[in-house]
Amino acid sequence: MTEPDALLTLKNVTKRFPGVVAVDGVNLEILPGEVHALLGENGAGKTTLVNILYGLYPPDAGDIYWQGRPVRIRSPQEAIRLGIGLVPQHPLLVRAHTVLENLALGMPRGFLLPTRGLAARIAELTRHYGFRFDPRAPVWQLSEGEKQRVEIVRALLQGARLLVLDEPTSVLTPQEARELFKVIRRMRSEGEAVIFISHKLDEVLEVADRISVLRKGRLVGQVTRAEADKAELARMMVGRQVSFERRKPPVRPGAVVLELKDIHARSDRGLPALQGVSLRVRAGEILGLAGVAGSGQRELIEVVTGLRRPERGLVRVLGAAPWSGKRPRIAHIPEDRRRQGVAGGLDLAENLLLHDYARPPFARGPLMDRRAVYAFAREQIARYRIDPPDPRTPARLLSGGNLQKLILARELHGDPPLIVAAHPTYGLDVGATELVHELLIERGRTGAAVLLVSEDLDEVLALADRVAVIHGGRIVGEVPVEKADREQIGLWMAGVEA
Amino acid sequence: MDGGGGGLRRIGPFLIEKDLVAPPIRVLLVSAAALALAFLTAALVFWAYGVDPVLAYRTIFVETLLSSGGFAEGVRRAIPLLLAGVGLVLAFRAQFWNIGAEGQLLLGAVAAAGVALFAPLPAALLLPAMFLAGFVAGGLWAVLPALLKLRLGVNDVLTTLMLNYVAVYLVEWLIHGPWRGRTAFGFAYSDRFPEPAMLPLIPGTYVHWPTLLLALAGALAAWFVLTHTTWGYPVRVTGDNPEAARYAHMPVFRVVFAVALASGGFAGLAGVGEVAGVHGRLLEAYQISLGYGYTAIIVAWLARGNPLGAMLTALFMGLIFASGDVMKISLQMPFRVTDVFNGLILFFLISSERLLYYRVRWAPVRKGD
Numbered sequence: 001m002t003e004p005d006a007l008l009t010l011k012n013v014t015k016r017f018p019g020v021v022a023v024d025g026v027n028l029e030i031l032p033g034e035v036h037a038l039l040g041e042n043g044a045g046k047t048t049l050v051n052i053l054y055g056l057y058p059p060d061a062g063d064i065y066w067q068g069r070p071v072r073i074r075s076p077q078e079a080i081r082l083g084i085g086l087v088p089q090h091p092l093l094v095r096a097h098t099v100l101e102n103l104a105l106g107m108p109r110g111f112l113l114p115t116r117g118l119a120a121r122i123a124e125l126t127r128h129y130g131f132r133f134d135p136r137a138p139v140w141q142l143s144e145g146e147k148q149r150v151e152i153v154r155a156l157l158q159g160a161r162l163l164v165l166d167e168p169t170s171v172l173t174p175q176e177a178r179e180l181f182k183v184i185r186r187m188r189s190e191g192e193a194v195i196f197i198s199h200k201l202d203e204v205l206e207v208a209d210r211i212s213v214l215r216k217g218r219l220v221g222q223v224t225r226a227e228a229d230k231a232e233l234a235r236m237m238v239g240r241q242v243s244f245e246r247r248k249p250p251v252r253p254g255a256v257v258l259e260l261k262d263i264h265a266r267s268d269r270g271l272p273a274l275q276g277v278s279l280r281v282r283a284g285e286i287l288g289l290a291g292v293a294g295s296g297q298r299e300l301i302e303v304v305t306g307l308r309r310p311e312r313g314l315v316r317v318l319g320a321a322p323w324s325g326k327r328p329r330i331a332h333i334p335e336d337r338r339r340q341g342v343a344g345g346l347d348l349a350e351n352l353l354l355h356d357y358a359r360p361p362f363a364r365g366p367l368m369d370r371r372a373v374y375a376f377a378r379e380q381i382a383r384y385r386i387d388p389p390d391p392r393t394p395a396r397l398l399s400g401g402n403l404q405k406l407i408l409a410r411e412l413h414g415d416p417p418l419i420v421a422a423h424p425t426y427g428l429d430v431g432a433t434e435l436v437h438e439l440l441i442e443r444g445r446t447g448a449a450v451l452l453v454s455e456d457l458d459e460v461l462a463l464a465d466r467v468a469v470i471h472g473g474r475i476v477g478e479v480p481v482e483k484a485d486r487e488q489i490g491l492w493m494a495g496v497e498a
Numbered sequence: 001m002d003g004g005g006g007g008l009r010r011i012g013p014f015l016i017e018k019d020l021v022a023p024p025i026r027v028l029l030v031s032a033a034a035l036a037l038a039f040l041t042a043a044l045v046f047w048a049y050g051v052d053p054v055l056a057y058r059t060i061f062v063e064t065l066l067s068s069g070g071f072a073e074g075v076r077r078a079i080p081l082l083l084a085g086v087g088l089v090l091a092f093r094a095q096f097w098n099i100g101a102e103g104q105l106l107l108g109a110v111a112a113a114g115v116a117l118f119a120p121l122p123a124a125l126l127l128p129a130m131f132l133a134g135f136v137a138g139g140l141w142a143v144l145p146a147l148l149k150l151r152l153g154v155n156d157v158l159t160t161l162m163l164n165y166v167a168v169y170l171v172e173w174l175i176h177g178p179w180r181g182r183t184a185f186g187f188a189y190s191d192r193f194p195e196p197a198m199l200p201l202i203p204g205t206y207v208h209w210p211t212l213l214l215a216l217a218g219a220l221a222a223w224f225v226l227t228h229t230t231w232g233y234p235v236r237v238t239g240d241n242p243e244a245a246r247y248a249h250m251p252v253f254r255v256v257f258a259v260a261l262a263s264g265g266f267a268g269l270a271g272v273g274e275v276a277g278v279h280g281r282l283l284e285a286y287q288i289s290l291g292y293g294y295t296a297i298i299v300a301w302l303a304r305g306n307p308l309g310a311m312l313t314a315l316f317m318g319l320i321f322a323s324g325d326v327m328k329i330s331l332q333m334p335f336r337v338t339d340v341f342n343g344l345i346l347f348f349l350i351s352s353e354r355l356l357y358y359r360v361r362w363a364p365v366r367k368g369d
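Residue numbers (our numbering), protein chains in the order written: chain A, 1 to 498; chain B, 1 to 369.
Hints may contain errors.
Unchecked claim - Residues on chain B that point at chain A, a partial pick, calculated with CB under 10 Å: (1) Val21; (2) Phe39; (3) Thr41; (4) Thr227; (5) Thr230; (6) Thr238; (7) Met250.
Treat the hints as calculated values from the structure; they're not laboratory data. We put the CB at the ideal spot given by N, CA and C, even for glycine.
Can you make the complete structure from the sequences, with help from the hints?
Take a look at the structure:
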């Protein structure tokens, strides 16, 4: 089964985390001189697989072979010694030091004058691969693309024969990405192997020789570029089994609750993130917003919940701007539940009050009624079966599923007319996922308008009444779910317009 | 991320486990161990100075804790430490890294002196007006860096720290220049405050009790506001996770602004107490404050975010200052040895912080494991 000349072979590699199987029996072969793309959505297990290869996690089961010999990679040092180099998604460089000093840091060199002799080798490498950067420049002056090239040079200096690029284009401009692809092709012609991790179909088709598709930890398909077809890849990536069973009974939609007209907004980095988004969500309706990560979802959610002011356009929630004092209650199930959704050092009861701390019965004037606070907490903990059930537990100790229950208990309290759910089941186990789905369906049936943002197309198709697809900050397609065609949606997600 | 492993490590028969909830007993034990190490290291300083450490500690213990005069001196030093310390507890709870209590204290002293020397107020109103002015002046001195942080993202550690120096030179300028006393002859200090601008003392001691009461009430009030009111709740959320505060549409700007004002205000009150209760005039900055504003950082750190805890830790640090008197008089060591104490204590406390989150368990390996 093992090809004799494979550089790296994975056999049945499995990694479990509490509640999820992140990598599930993956078999993979990397040949010398090939660019092998690992394609998959967020949470498909790509990064876990990389961390296993780079010695950051030990696999729970399965074997790894390097040039046909079984190996155990217990640390990044061992990975480097074998010849595996990782170019991380976000460069890990010392900002105040020069490129040269940063590169010397990763090398086994003398204590004195560690950069001596290195400059010549770097110059040789950069000439060879057509990199352009000044080794004497301090790192903080470099662009993201240049920093990434420094990381690539570091891996090559360390003698990497297999280079793993983790979502390399996520921080690059299109021009920088084209530069990167040139470098990758050059390395392939030198006999280097490259693992290219991405969820973007176009670039995978542009640069890869072979493409392996991961979904929910499993390897669901492998094709060569010659036989690859964009629609087919999209279908593999988002789900082969057509679990097309409708979960939500259709409702006759009521009044418009959320209205967006020609919204333009910028990201935190000041780049245009939303470029003319118009959407409407009615009472009793779930609108599923599909799209690959970074297509403008975060900014859209922030505009709808009043956390970001649009540069242009109109947002109305039941007629009020979402940042005005008259805004109705908006439930916001945040994208990153640990970073945004809770104050981890405060206890469960206090985290349930994030919005209502100044309202009766929890407060009378400026005084808070701790008895009411803890009584409410015990009630919600019982209702949502949050574990551990002690309201004094600090929120940071909760598991992902229980944290999400806590957030749901808080956000759905008081029957908000609009629910914005961002990746509400991301990283959750089956039980918690079920609960989230049930709650959203139930709220939709009882008259709430729901905006469901998810990268899980199965989830969107099972819950939504209408599906809209966002790409590059614009809605590229919108369709009622009964007319939704998975392949068409996959193409929209890849930016192929209707 | 769990910093490489994070799970279990074995050293001989001991198993070290990560445990993210530090029970109070462990906090107490770790803090006590850090203090013990600090005192042990300070013993080396005594020894190097030619003083027998055992004798030194015995003398200090007897003359500060067991003598009423020594204890009262500790309490007197604890007053500014408690006021400034409570202010810093508030600031740190909101992640406003106020290192400027020293400067805020001096501004409070300046404002109080201004009122005492120049305000044409009836005698009964003089002291209340001095406290009010001191609170406002100290508060504004802290609001300035808070605004820079909130509006421009300027590092609050640096700005609060640097404003301490500005405050010191402001005091210098005043006592050498416009406020220099007519009766001061060659010395640099202001005129003496009129009698109604002086705080009463507990007879037989130098403890200016109104400031002491104010400090105790302040600690209680700060605790109550933090834990039982709708003003304190957003402070705790902002300090724990600013991102969550933004997500919940909390008025982060107003929260940090108010905390900065209160934090500097408390330090300002401490400055009022020092000039109106101890010195009776504005004098050199290093004479007004023995570095109380800096030591208050230790007070706040030791109190671990609890204003009530600051009552104990302020007394503890006050006693250390009192021990400086003992070292000077009975052991012929410089008073500034207290700075060595303070530095060592802070050093060991901060170093011990990570230990709070580990539990050591006795679990010998059995054969066949």
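Structure-based check of each hint:
no.: 1; hint: Val21; result: holds (7 Å)
no.: 2; hint: Phe39; result: violated (31 Å)
no.: 3; hint: Thr41; result: violated (31 Å)
no.: 4; hint: Thr227; result: holds (8 Å)
no.: 5; hint: Thr230; result: holds (4 Å)
no.: 6; hint: Thr238; result: holds (9 Å)
no.: 7; hint: Met250; result: holds (8 Å)
Figure legend: structure checked against the earlier numbered hints; hints not met, in rising order: 2 and 3.
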